[in-house]
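J.: Could you use the hints to bring the two separately framed chains together as a complex?
For the protein sequence lines, the chains are A and B, in the order given.
Residue numbers for the first sequence follow the UniProt record's numbering, beginning at 1 and rising by one.
Residue numbers for the second sequence follow the UniProt record's numbering, beginning at 1 and rising by one.
Hints were generated in silico from the structure; no laboratory data involved.
Rough simulated footprint, nothing fancy, chain B against chain A, three-plus residues with beta-carbon under 8 Å: (1) 39 to 53; (2) 71 to 83; (3) 100 to 106.
Not close to chain B: a few residues of chain A, all C-beta gaps over 10 Å, as computed: (4) Glu20; (5) Asp199; (6) Ile243.
Computed beta-carbon distance windows for the label pairs: (7) B:Leu167 with A:Ile167: 47 to 53 Å; (8) A:Glu241 with B:Ala30: 52 to 58 Å; (9) B:Pro351 with A:Leu180: 48 to 54 Å; (10) B:Pro351 with A:Ala196: 55 to 61 Å; (11) A:Glu241 with B:Ala29: 53 to 59 Å; (12) A:Ala108 with B:Ala79: 49 to 55 Å; (13) B:Ala29 with A:Leu24: 54 to 60 Å; (14) B:Ala30 with A:Leu24: 55 to 61 Å; (15) A:Gly126 with B:Val48: 58 to 64 Å; (16) B:Tyr188 with A:Asp13: 26 to 32 Å; (17) A:Arg178 with B:Ala234: 47 to 53 Å; (18) B:Arg205 with A:Pro70: 57 to 63 Å; (19) B:Leu167 with A:Ala56: 30 to 36 Å; (20) A:Gly126 with B:Val33: 32 to 38 Å.
Don't be surprised by glycine CBs; every beta carbon is placed ideally from N, CA and C.
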Amino acid sequence: MKLDLRGVSVALDGHPIVHEADLLVDDGEFVGLVGPNGCGKSTLLRSIYRALRPAAGLIAVDGDDVHRLPARQAARRTAVVAQETPADLDFTVAEIVFMGRTPYKADAAADEELCARALERVGLAGAAERIFATLSGGEKQRVLLARALAQQTRLLLLDEPTSHLDIRHQLEILHLVRELGIATLAVLHDLNQAAAFCDRLYVMNAGRIVVGGPPDRVLTPELVCQVYGVRAVHRTQLVFERIKEER
Amino acid sequence: MTSATRQSPAQTGLVPKNRRASGFLLLIAALAVAVVASTWLAVSIGAVHVALPQAWGIVADRLLPGVLTDGAPRTWTPAQEQIVWEFRLPRALLALLVGAGLAVVGAALQALVRNPLADPFLLGISSGASFGAVLVLILGASALGGLSLSAAAFAGSLLSLALVYVLAQRSGRLSPSRLVLAGVALAYLFQAAYSFVLQLAQSGRAAQQVLFWLMGSLGGARWHMLPLPAVVLAAGVTYLLLQHRPLNALAAGEETAVSLGVNVHRFRLTLFVLTSLLVGVLVATSGAIAFVGLIVPHAARLLVGADHRRVLPVAALLGAVFLQLVDIAARTVNAPQELALSIVTALFGVPFFLWLLRRRSVDRAVSVT
Numbered sequence: 001m002k003l004d005l006r007g008v009s010v011a012l013d014g015h016p017i018v019h020e021a022d023l024l025v026d027d028g029e030f031v032g033l034v035g036p037n038g039c040g041k042s043t044l045l046r047s048i049y050r051a052l053r054p055a056a057g058l059i060a061v062d063g064d065d066v067h068r069l070p071a072r073q074a075a076r077r078t079a080v081v082a083q084e085t086p087a088d089l090d091f092t093v094a095e096i097v098f099m100g101r102t103p104y105k106a107d108a109a110a111d112e113e114l115c116a117r118a119l120e121r122v123g124l125a126g127a128a129e130r131i132f133a134t135l136s137g138g139e140k141q142r143v144l145l146a147r148a149l150a151q152q153t154r155l156l157l158l159d160e161p162t163s164h165l166d167i168r169h170q171l172e173i174l175h176l177v178r179e180l181g182i183a184t185l186a187v188l189h190d191l192n193q194a195a196a197f198c199d200r201l202y203v204m205n206a207g208r209i210v211v212g213g214p215p216d217r218v219l220t221p222e223l224v225c226q227v228y229g230v231r232a233v234h235r236t237q238l239v240f241e242r243i244k245e246e247r
Numbered sequence: 001m002t003s004a005t006r007q008s009p010a011q012t013g014l015v016p017k018n019r020r021a022s023g024f025l026l027l028i029a030a031l032a033v034a035v036v037a038s039t040w041l042a043v044s045i046g047a048v049h050v051a052l053p054q055a056w057g058i059v060a061d062r063l064l065p066g067v068l069t070d071g072a073p074r075t076w077t078p079a080q081e082q083i084v085w086e087f088r089l090p091r092a093l094l095a096l097l098v099g100a101g102l103a104v105v106g107a108a109l110q111a112l113v114r115n116p117l118a119d120p121f122l123l124g125i126s127s128g129a130s131f132g133a134v135l136v137l138i139l140g141a142s143a144l145g146g147l148s149l150s151a152a153a154f155a156g157s158l159l160s161l162a163l164v165y166v167l168a169q170r171s172g173r174l175s176p177s178r179l180v181l182a183g184v185a186l187a188y189l190f191q192a193a194y195s196f197v198l199q200l201a202q203s204g205r206a207a208q209q210v211l212f213w214l215m216g217s218l219g220g221a222r223w224h225m226l227p228l229p230a231v232v233l234a235a236g237v238t239y240l241l242l243q244h245r246p247l248n249a250l251a252a253g254e255e256t257a258v259s260l261g262v263n264v265h266r267f268r269l270t271l272f273v274l275t276s277l278l279v280g281v282l283v284a285t286s287g288a289i290a291f292v293g294l295i296v297p298h299a300a301r302l303l304v305g306a307d308h309r310r311v312l313p314v315a316a317l318l319g320a321v322f323l324q325l326v327d328i329a330a331r332t333v334n335a336p337q338e339l340a341l342s343i344v345t346a347l348f349g350v351p352f353f354l355w356l357l358r359r360r361s362v363d364r365a366v367s368v369t
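Okay, chain B solo, but in the shape it has when bound (with noise of 0.2 Å):
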């Protein structure tokens, strides 16, 4: 009949999708690659000074001890190995998966609620975290039945979790508008319980400490904090890369999701659970930091389309980039003083959102929701 059904599909518009593959490839190992060097270069950089070689041997000589250093003679000091070793890599290796762990949230949440606008602390769990948070800061771990911080604000998220469950739910089932009511609502509520708490302490170095932690900062951690998000985020991006086909399904609209084979109402609550738990482990570690995971996701969708097969993995290491040259910055430019991680990602952020603001037409996408 007509020319066009006599064609092979090799000489349809499908074709550049396989070129695009190996464009795809590319990409993911180039971030590999700024993974490594950024990470490189935060070991590196900071008061006491060590050269990137050096740092290289420091950490190549703890990994595996005479065989990646090829028995050269140690050129730095016990100080600077202990900076390294103890401080510097795990704070970041730390700054990689929360990075990472922001970005993907975001990802996930923009397909949940339908709306590029969402970000891992729409839905109330941050402002839960930071409720735990400042009651043992000010309140002090003793009162809280010895709680550690981050175990505090682990469980801030998880009532903060219940409950904005409770409010979106209809007989077990989640509507978008509802989740991003409910968790709005909540977050004013929390942000009220801990401003009162606040208020109530009046101890000016405390609520400085408060304010620094509700803005992020990464100055925490140790090796010890490392395990539980990194098998956490492990397991989520698995199974967000695993569910890829359903999440666009969903993020093309809920009929249409349903229509295509998609359980929604058990997917939806398995996102939400998943993604709140990730963000609870995140913050708890490293305080709420704005903005990675509301734009990284946008940055992943500029450089790879709206296929949550490449946003998801492009996201991660992107997010992981974004804030490890973040906390290098945070803490470099007015040192010896560190400024909160928030400051910094809104710096880059805004503009970028701003530029996103105008480039699309946010106010369809608004009224999605």
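One chain only, chain A, in its complex shape (with noise of 0.2 Å):
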């Protein structure tokens, strides 16, 4: 599974946001893209989930024009996990995660052990008959995480997945996307997160993708001060890590 982005330019009602942007992201990559608040990263990821279509440019994964496919062909390549509440209607976290079979042909019994199976990666395989509007932001996270994974596709797309949570269940869902293997392009806040998580990073400005590469070359302190405005240092300073639960 190859996303591939060619000169893709989205309009927001008349409005210009992205220019022209050029983004790979690979079989198995998790690539990140960042930038500060407006610049376009969200805006360029709805292009790719068909929420919005682009003025102009490619949007291909594995090879075909994610706006030509049928809707229910795109669904079955492409996840995402973004900031969305459900209607006050009570669904409970197991109807959440049956929605990602919305794009193939309904089989109870294989969708239930998929659903089961989803539940149990995210970690809440108890929590299946809870009303999914009284879980915590974390868990929420993670179940939204589970509906994607159910989904079965093998490009994820996430949009600021960590925003809201604490520093451990930021930990705990970045690593847990990593160890799927799934590829996957996440629009991230945090610059040492997205520097200590990603294999590649694309850094937007202003509606344009002003560089990509591997992490160590493309956060250096010029770029962050062009973009961000703000200066870099170099600290020894404390960094958090994930405690990994002997069991």
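T.: Spelled out as structure tokens, the structure:
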């Protein structure tokens, strides 16, 4: 599975937001998309999962233009964890995860098993009958990830998957996604985390992708100063790591 | 690695779903029994009392002459037979259809506009229908080219459907918030229009007739009025049941639905047209019956959760039973005067709704739109 963006421009209500973005995610790669607020990261992501149609350029998943694929076909290739809350209708966790099977023909037994495994994978096997709205932010995010897993795609898009989470849950989610080994494109806020988890990074500024490459080559003090207007300083300081549970 | 990964799905939390599946079938069976029982009660109760066994006998004798009654002697008078077969049974069946239809439309609309406070009359359809009906009642059928009351009501609902669509779409796409705003605005416009006609008419009797119609009544039910709502309802419910997964996805959010492979714009348009036609047909036969479409879907969700595969059939049966009981109450409480149905549905509906209001974080729900 390969995501390939060539010269993608996206406009919102006639205002150009993203200009001629080129971006590549290879099989099994974890790629980060960073940049200041309002630079167009989420807009670019939304155009990949078809919430927005690009004004120009090509978005190919596995060689096919996603905006020409039938909706269901596209949904079998790309899953999304975005920031959207369900209407106040009391869906259970299991019902939310089952939604991941929407693009497929229904097969009750197989679907049930897939969804059970997806919930297990995110460590929420016992929570199936709980009401989604009553979960904590970290649990919700993991349920949405389970839904994306139940969708059985080989490309995963994440829109700020760790916002609103405490440091431990941030690390847990990112580790979880890394361990999946699925090609992933994630919009991230925390530059240190982006550097720690991503194979490659793209930096956006004012609607353009300014640079892409391995984190240590991309996140130079000069670039951070140019894009974010802050100074990058090397300092010895505490770094937080997830504690692997011994079981 | 962990013990959790070695568990088979049978040991995980998804199992209660199966248990719930049998509970769900039990609930459906219980509701089906309630539908039959309440209908049986409805044909028996009234100004002319017909005992339950006789009511059964009359209906059975008509449906399968001699078979179901097993050649037993007729214990009822021709007058009783006429009342049960020509008036009460079609009325009872229409109550089932209208109750089921309004509840199903309510459930679908709540998913369509992602707002738990949506009801079948939110999109202005009923006001358009009322406008058509008022024109017939005040000006007379001849002034409208011989349109019958229900035909005029249906024409009015089609007019408002078209107007809401034109106002709410932008390059062919419907947004939930624009749908609601256009629907509410048009509802006010049509209300103003028929109030104006009413005021001009200044005919007390016609005005009373109009008021009664506006608040819903099944009094005019005859056999020939049943096929159209029955067919439209069956088609609508079948379609919605087949689309339960896109409906769930849509309730989870527009972008979520898109990412799950739902063609959101086409699906919304289909839902809008389908629910509007259904409401138009129902309102044309029975007037605007309030609250059924708002509260019954919520009651169904309290029973079976939010999954539309369960909500839709439960809401349909629950709505049917509810309106049947409401209609029985409406024609017996103040007999021989009949109460308008919206009075009775509101008497039941408002307390339930207020309870719901206190139980849920409605503030959050409203801000969604």
